[in-house]
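Required output: the full structure, derived from the provided sequences and hints.
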Amino acid sequence: MRNTARRSAAPAILAITLALSACAQGSATRTEEPAESGGPVTVRYMNFSANGGHEEDLDAIKAAFESANPDVTVQIETTPYDDYFTKLQTAVAGGTAGDAFELNYENFVTYSSNGSLAPLKNVETASYKPSLLEAFSADGTQYGLPESFSNVVLFYNKDLFAKAGVDEPTADWTWADEQAAAEKLTDEKAGVWGDYQPISFFEYYKAVAQAGGEFLNADKTQAAFDSDAGRAAAEWLVGKSGTTMPTEADGAGTPDFDSTLFKDGKLAMWHTGIWMFSGMADAPFEWDIVVEPGDAEKASAMFTNGVVVNAASKNQEAAERWIAFLTSSDEMVDKRLETSWELPPVADEAKLASYLDAGAPANRQAVFASLDATVLPPVIERQQEMQDAVGKELSAAAAGRITVDEAVSNAAKAVDALLK
Amino acid sequence: MSVTTAPRTDPAPPRPARAGGARGSRWHNRGWVLLFLAPSAVPLLMFTIVPMLGSVWVSMHSWNLISPMRWAGLENYRSLLTDPTTRTVFTNTLIYCVGYLPLVYAGGLGLALVLNQRLRGRSLFRAAFFLPVVTSWVVVALVWKWLLNPTNGLVNTVLGAVGLPQPGWWTDPTWALPAVILSSAWKDLGFVMVIMLAGLQAIPADVLEAAWADGANAWQRFWRVTLPLLSPSTFFVVVISLINGFQVFDQVYVMTGGGPSGSSQVVVGQIYDLTFRYGRAGEASALSWLLFAVILAITAVQIRGQRRWVHHA
Chain A
1 MRNTARRSAA PAILAITLAL SACAQGSATR TEEPAESGGP VTVRYMNFSA NGGHEEDLDA
61 IKAAFESANP DVTVQIETTP YDDYFTKLQT AVAGGTAGDA FELNYENFVT YSSNGSLAPL
121 KNVETASYKP SLLEAFSADG TQYGLPESFS NVVLFYNKDL FAKAGVDEPT ADWTWADEQA
181 AAEKLTDEKA GVWGDYQPIS FFEYYKAVAQ AGGEFLNADK TQAAFDSDAG RAAAEWLVGK
241 SGTTMPTEAD GAGTPDFDST LFKDGKLAMW HTGIWMFSGM ADAPFEWDIV VEPGDAEKAS
301 AMFTNGVVVN AASKNQEAAE RWIAFLTSSD EMVDKRLETS WELPPVADEA KLASYLDAGA
361 PANRQAVFAS LDATVLPPVI ERQQEMQDAV GKELSAAAAG RITVDEAVSN AAKAVDALLK
Chain B
421 MSVTTAPRTD PAPPRPARAG GARGSRWHNR GWVLLFLAPS AVPLLMFTIV PMLGSVWVSM
481 HSWNLISPMR WAGLENYRSL LTDPTTRTVF TNTLIYCVGY LPLVYAGGLG LALVLNQRLR
541 GRSLFRAAFF LPVVTSWVVV ALVWKWLLNP TNGLVNTVLG AVGLPQPGWW TDPTWALPAV
601 ILSSAWKDLG FVMVIMLAGL QAIPADVLEA AWADGANAWQ RFWRVTLPLL SPSTFFVVVI
661 SLINGFQVFD QVYVMTGGGP SGSSQVVVGQ IYDLTFRYGR AGEASALSWL LFAVILAITA
721 VQIRGQRRWV HHA
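As they're listed, the protein sequences go chains A and B.
In this text, residue positions in the first sequence follow the working numbering: the first is 1, and each later residue adds one.
In this text, residue positions in the second sequence follow the working numbering: the first is 421, and each later residue adds one.
A portion of the hints provided could be inaccurate.
The calculated EDC-like cross-link candidates involving lysine to aspartate or glutamate, where the alpha carbons are at most 20 Å apart (straight line), are [stated by the list, open to error]:
{"hint": "1", "chain 1": "B", "residue 1": "Lys565", "chain 2": "B", "residue 2": "Asp670"}
{"hint": "2", "chain 1": "A", "residue 1": "Lys392", "chain 2": "A", "residue 2": "Asp416"}
{"hint": "3", "chain 1": "A", "residue 1": "Lys266", "chain 2": "A", "residue 2": "Asp330"}
{"hint": "4", "chain 1": "A", "residue 1": "Lys87", "chain 2": "A", "residue 2": "Glu385"}
{"hint": "5", "chain 1": "A", "residue 1": "Lys420", "chain 2": "B", "residue 2": "Asp503"}
{"hint": "6", "chain 1": "A", "residue 1": "Lys351", "chain 2": "A", "residue 2": "Glu124"}
{"hint": "7", "chain 1": "B", "residue 1": "Lys565", "chain 2": "A", "residue 2": "Asp256"}
{"hint": "8", "chain 1": "A", "residue 1": "Lys129", "chain 2": "A", "residue 2": "Asp264"}
{"hint": "9", "chain 1": "A", "residue 1": "Lys87", "chain 2": "B", "residue 2": "Glu495"}
{"hint": "10", "chain 1": "A", "residue 1": "Lys351", "chain 2": "A", "residue 2": "Glu381"}
{"hint": "11", "chain 1": "A", "residue 1": "Lys298", "chain 2": "A", "residue 2": "Asp282"}
{"hint": "12", "chain 1": "A", "residue 1": "Lys420", "chain 2": "A", "residue 2": "Asp256"}
{"hint": "13", "chain 1": "A", "residue 1": "Lys163", "chain 2": "A", "residue 2": "Glu124"}
{"hint": "14", "chain 1": "A", "residue 1": "Lys392", "chain 2": "B", "residue 2": "Glu495"}
{"hint": "15", "chain 1": "A", "residue 1": "Lys392", "chain 2": "A", "residue 2": "Asp264"}
{"hint": "16", "chain 1": "B", "residue 1": "Lys565", "chain 2": "A", "residue 2": "Asp250"}
{"hint": "17", "chain 1": "A", "residue 1": "Lys413", "chain 2": "B", "residue 2": "Asp503"}
{"hint": "18", "chain 1": "A", "residue 1": "Lys121", "chain 2": "A", "residue 2": "Asp139"}
{"hint": "19", "chain 1": "A", "residue 1": "Lys314", "chain 2": "B", "residue 2": "Asp670"}
{"hint": "20", "chain 1": "A", "residue 1": "Lys158", "chain 2": "A", "residue 2": "Asp264"}
{"hint": "21", "chain 1": "A", "residue 1": "Lys420", "chain 2": "B", "residue 2": "Asp670"}
{"hint": "22", "chain 1": "A", "residue 1": "Lys220", "chain 2": "A", "residue 2": "Glu124"}
{"hint": "23", "chain 1": "A", "residue 1": "Lys298", "chain 2": "A", "residue 2": "Glu286"}
{"hint": "24", "chain 1": "A", "residue 1": "Lys263", "chain 2": "A", "residue 2": "Asp295"}
Some residues of chain B that are not near chain A, with every Cβ distance over 10 Å (derived) [to be verified]:
{"hint": "25", "residue": "Ile486"}
{"hint": "26", "residue": "Leu500"}
{"hint": "27", "residue": "Leu544"}
{"hint": "28", "residue": "Pro552"}
{"hint": "29", "residue": "Asn569"}
{"hint": "30", "residue": "Pro585"}
{"hint": "31", "residue": "Gly588"}
{"hint": "32", "residue": "Leu602"}
{"hint": "33", "residue": "Trp632"}
{"hint": "34", "residue": "Gln640"}
{"hint": "35", "residue": "Gly682"}
{"hint": "36", "residue": "Arg697"}
{"hint": "37", "residue": "Gln722"}
{"hint": "38", "residue": "Arg728"}
Everything labelled a hint here was simulated from the structure, so no lab data went into it.
A quick note: this is a predicted structure, and the numbers were derived from the prediction, not measured.
In this text, a Cβ means the ideal position worked out from N, Cα and C, and glycines have one as well.
In structure tokens form, the structure reads like this:
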């Protein structure tokens, strides 16, 4: 009897053992243990900014790093921006995030405050633009290194301006000049639109600054855009929709809609980032850029990305060496300038000289001129909810479902609730 | 002893008296029973039961997936019940179900009735209508999004050609949910068709023949005989479709992303956004349990109600 019991339990034990060993293999994406001394250490690096055309440039920087650091191998994982932060959050929660990963300035605050980033030990502070380095520190600790920065300028199609007989934009333009030109350039029959500026949180906070207002109050406890400047900014964006700019129903807001429209020669003016330079290099018409028009003030959006070391990484020392190389080496500077991939965060501006004559557009000086008056995105802990809430109200106003005043007041209330 | 442990290959003969030995033999077989259950029981336990129980725990915390959890008690449930968004997403989900169920049922039944006739290429049609059921939702939703493109989609081009109004579909808050309903009903028609076909073929021919002999016309035979005898299949379709309908997600996520302005956001979409966009896993888990309670209640009501209208032949 006892013998039978043992025999019949055996398959169950076997099954459980198999199941458990299957579980143990489930974590294949986890970083491997540090190699035996002598063997190379693998550093996994997650990023979004190489996606969409700069994958090979990042690979070249990685190759340069590996030949200078033969004891380290870098394994790159590139994810499109739209999916990156969802993936990163899940990976950090599940313990499968890379040893080093990329963060934009807007998301840095969330990660630095929740203990998932390792404090950096050997930072060569002199290499970086101080304001950018500052953006990736929290409570006096450096948790990340600035990797690149970029800004938004006004792209314009010179051929369309010539055809319509409209003077090309200059750095002194205001909203009124832009609007007047956009109206003349819009040609419904030819399917040509005068202007394109996304109706989104990212355009809105900048427009508020251009109108002379503030998005949040000084101690970041309340929305401050339910003001004349805030309403003027919303009116500026919303008023374009359907008059000089395609509407959501025309497809605005869907991926690549604006870049395709511009590249097809159907868009005269386009508010977008300098990261689009390389994508437009082979456009079959003449185009250039200019500092964005302001209203009461000039204000250009500036974005900055940084790289951080995962607090849970077992290879923190090697990961830190990689991110230092990725953010300050000459190889990186050359690669970024040569391929017009966002600007390197170096302190020494003389190193940026070659950027000015790296090809279209001709007026690359505007990229640096825009830096004279920049505005960083407002950042709060519940960032994504704030971005969605503001975008949702503005697009409701653009579709004519609510008035601009209602949109601004609803959005301000929503942001106030998120700050509680 | 070897008789009790060896796997049986012959069809089970009528069992001898159960007294005494039965309990003992079940005891001896438990190892084998566990082994054969393991391939489905282990994944079920690991990927369904354990996460479900885990979500009860999560629902009572404030947690952004990364920072340590903070105890919140029933606060997540309380804040969800007072949040107007909760009402919106449940209303949208209900509208989805109310629009989807009649469409998919009437369409599936119609197809089944037609394809139950002796037609040329009948199996080809059956396979064709079933094909969308086994196609990935992402593919189907992208194709529908393209067909329903407000400016250059096929549907609006055809509507425009015959002089009908061209709705804004997924770009218009009024039409976003109908667009989702339409594509969902199209995809699931084949599933309902197969269930109804099986139901139709199970109706004894002599019953219909008797009705015919008594002078019932085609409509009377359908309404008085076929439809009542299909009621078990109807019941199954309604229960399954409502359970699935309340959990609608993929097509909404791909076609509208819940927009424009939240007009097509459904409960599971909200659960996804709360967790992965906003880092509010506690509230998302609580919302999952609210959804579970609603589905359980609706299914329980249907099962109780079936006695009144489901007839077994």
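Hint by hint, here is what the structure shows:
1. Lys565(B) to Asp670(B): holds (13 Å)
2. Lys392(A) to Asp416(A): holds (16 Å)
3. Lys266(A) to Asp330(A): violated (39 Å)
4. Lys87(A) to Glu385(A): holds (17 Å)
5. Lys420(A) to Asp503(B): holds (15 Å)
6. Lys351(A) to Glu124(A): The given pair, whose Cα atoms are some 17 Å apart, holds under the 20 Å limit.
7. Lys565(B) to Asp256(A): holds (16 Å)
8. Lys129(A) to Asp264(A): violated (37 Å)
9. Lys87(A) to Glu495(B): Distance of about 28 Å is beyond 20 Å: violated.
10. Lys351(A) to Glu381(A): Judged against 20 Å, a Cα distance of about 36 Å means the pair is violated.
11. Lys298(A) to Asp282(A): This hinted pair is violated, its Cα atoms lying about 30 Å apart.
12. Lys420(A) to Asp256(A): violated (36 Å)
13. Lys163(A) to Glu124(A): violated (52 Å)
14. Lys392(A) to Glu495(B): violated (27 Å)
15. Lys392(A) to Asp264(A): Roughly 29 Å separates the two Cα atoms, so the pair is violated.
16. Lys565(B) to Asp250(A): Holds, at about 14 Å.
17. Lys413(A) to Asp503(B): holds (14 Å)
18. Lys121(A) to Asp139(A): Roughly 15 Å separates the two Cα atoms, so the pair holds.
19. Lys314(A) to Asp670(B): violated (37 Å)
20. Lys158(A) to Asp264(A): Since the Cα atoms of Lys158(A) and Asp264(A) sit roughly 13 Å apart, the hinted pair holds (cutoff 20 Å).
21. Lys420(A) to Asp670(B): violated (33 Å)
22. Lys220(A) to Glu124(A): Violated, at roughly 31 Å.
23. Lys298(A) to Glu286(A): Violated. Lys298(A) to Glu286(A) sits at ~26 Å, over the 20 Å cutoff.
24. Lys263(A) to Asp295(A): Cα-Cα ~28 Å, so violated.
25. Ile486: Non-interface label on Ile486(B) violated, nearest chain A Cβ at 5 Å vs cutoff 10 Å.
26. Leu500: Holds, since 15 Å exceeds 10 Å.
27. Leu544: holds (37 Å)
28. Pro552: holds (24 Å)
29. Asn569: Check fails; 8 Å does not lie beyond 10 Å.
30. Pro585: holds (13 Å)
31. Gly588: About 5 Å separates Gly588(B) from the closest Cβ of chain A, which leaves it inside 10 Å; violated.
32. Leu602: Fine: 18 Å to the nearest Cβ keeps Leu602(B) off the interface.
33. Trp632: holds (55 Å)
34. Gln640: holds (49 Å)
35. Gly682: Non-interface label fails for Gly682(B): nearest chain A Cβ at 6 Å, not farther than 10 Å.
36. Arg697: violated (5 Å)
37. Gln722: Gln722(B) clear of chain A: closest Cβ-Cβ about 36 Å, beyond 10 Å.
38. Arg728: The assertion about Arg728(B) holds, with a minimum of 44 Å to chain A.
In summary, the numbered hints that this structure violates are 3, 8, 9, 10, 11, 12, 13, 14, 15, 19, 21, 22, 23, 24, 25, 29, 31, 35 and 36.
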